[in-house]
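**Q** Each chain is listed here by its residues.
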Amino acid sequence: GAVVSQHPSWVICKSGTSVKIECRSLDFQATTMFWYRQFPKQSLMLMATSNEGSKATYEQGVEKDKFLINHASLTLSTLTVTSAHPEDSSFYICSARIPPRGVGDYTFGSGTRLTVV
Amino acid sequence: KQEVTQIPAALSVPEGENLVLNCSFTDSAIYNLQWFRQDPGKGLTSLLLIQSSQREQTSGRLNASLDKSSGRSTLYIAASQPGDSATYLCAVINSGGSNYKLTFGKGTLLTVNP
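Going line by line, the protein sequences match chains A and B.
Here the first sequence is numbered in my numbering, starting from 1 and rising by one per residue.
Here the second sequence is numbered in my numbering, starting from 1 and rising by one per residue.
No wet-lab data here; the hints were simulated from the structure.
For each residue, glycine too, the CB sits at the ideal point set by N, CA and C.
Possibly wrong hints are sitting among the right ones.
[Stated by the list, open to error] Residues of chain A placed beyond 10 Å of chain B at every Cβ, according to the derived structure:
#1 Gly-1
#2 Val-19
#3 Val-62
#4 Lys-66
#5 Pro-86
#6 Asp-88
[Said to hold, decoys possible] No farther apart than 30 Å at their CA atoms in a straight line, the calculated lysine-lysine pairs in the DSBU-like style are these:
#7 B:Lys-106 x A:Lys-55
#8 A:Lys-55 x B:Lys-68
#9 B:Lys-1 x B:Lys-42
#10 B:Lys-68 x A:Lys-66
#11 A:Lys-20 x B:Lys-42
[Claimed, not checked] Covered by chain B, per the in silico footprint, the following chain A stretches (three or more residues, Cβ under 8 Å):
#12 38 to 49
#13 91 to 98
#14 107 to 117
Go ahead and model the full structure; you've got the sequences and the hints to work with.
**A** Laid out in structure tokens, this is it:
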């Protein structure tokens, strides 16, 4: 149980276009979703935290107008990379806390490899 | 600001060997610490979660210890197998705040050779 489905698993897009990544909680309600970015041989860096029905909270240095996060329902959160550039190429992973289990119980999506050409 | 460091960055061992992965963190005011496994191009799988009040957790061939005061944790893998080959990530959650954000280390890339 407690599965987060992330799509697409990989995407190649042209510079200047926008890409949307979806994360769905399949068998639980995810009131909070976390979006991470991971560059090769680097740790996962938290980009933003989204709470259902409210605006996302972005980490310092993350452009909120470039990385649009929508968490309109308890089972779906989306990350849209707008006007993508090659430097946005990275591995993006979403995560959700699993209720009603304790703090620190998270499940992760399988990740999206974004390549901007 | 919390910083998590993992040593070594990479480790290659023969099958059957016991091994230890290390994790250190700068701010000891943590809520808990978790060890994850990440296969290439994949998401994360939680291995062990240690609450701040605990000293260790065990699951099968895995044992994780936590010394909160010194800011250290170790992941012990017994009788390693080729299927254990993956990147192992350590992450902490700091006390305070309402969203309980994870701070990750860069990971240790483990290769177990048959």
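**Q** All hints are to be evaluated individually against the structure, with a verdict given for each.
**A** Results for each hint:
1. With a minimum CB-CB distance of about 13 Å to chain B, Gly-1 (chain A) clears the 10 Å threshold, and the non-interface call stands.
2. No Cβ of chain B comes within 10 Å of the Cβ of Val-19 (chain A); the nearest lies about 17 Å off, and the non-interface call holds.
3. Every C-beta of chain B lies more than 10 Å from that of Val-62 (chain A), the closest at about 13 Å, which supports listing it as non-interface.
4. With a least CB separation of 21 Å from chain B, Lys-66 (chain A) remains clear of the 10 Å interface cut-off, as annotated.
5. The Cβ of Pro-86 (chain A) sits about 19 Å from the closest Cβ of chain B, beyond the 10 Å cut-off, so the non-interface label holds.
6. Interface exclusion of Asp-88 (chain A) from chain B stands, the closest Cβ pair being 18 Å apart, more than 10 Å.
7. With a CA separation close to 29 Å, the supplied pair Lys-106 (chain B) and Lys-55 (chain A) stays within the 30 Å bound.
8. Distance restraint check for Lys-55 (chain A) and Lys-68 (chain B): the Cα-Cα separation of roughly 34 Å exceeds the 30 Å cut-off, and the hinted pair is therefore not satisfied.
9. Between the alpha carbons of Lys-1 (chain B) and Lys-42 (chain B) the distance comes to roughly 28 Å, so the proposed pair stays at or under 30 Å and holds.
10. Between Lys-68 (chain B) and Lys-66 (chain A), the direct Cα distance comes to roughly 38 Å. Violation of the 30 Å bound is thereby established for this hinted pair.
11. For the hint linking Lys-20 (chain A) to Lys-42 (chain B), the alpha-carbon distance of about 18 Å falls within 30 Å, and the restraint holds.
12. With 7 residues having a beta carbon nearer than 8 Å to a beta carbon of chain B, the stretch 38 to 49 of chain A meets the requirement of three or more and the stated coverage holds.
13. Residues of the stretch 91 to 98 of chain A with a Cβ under 8 Å from some Cβ of chain B number 4, which satisfies the need for three, so the listed coverage holds.
14. With a cut-off of 8 Å between beta carbons, the stretch 107 to 117 of chain A has 6 residues touching chain B; three or more are needed, and the interface restraint holds.
In the structure shown, a violation is registered for the earlier hints numbered 8 and 10, in ascending order.
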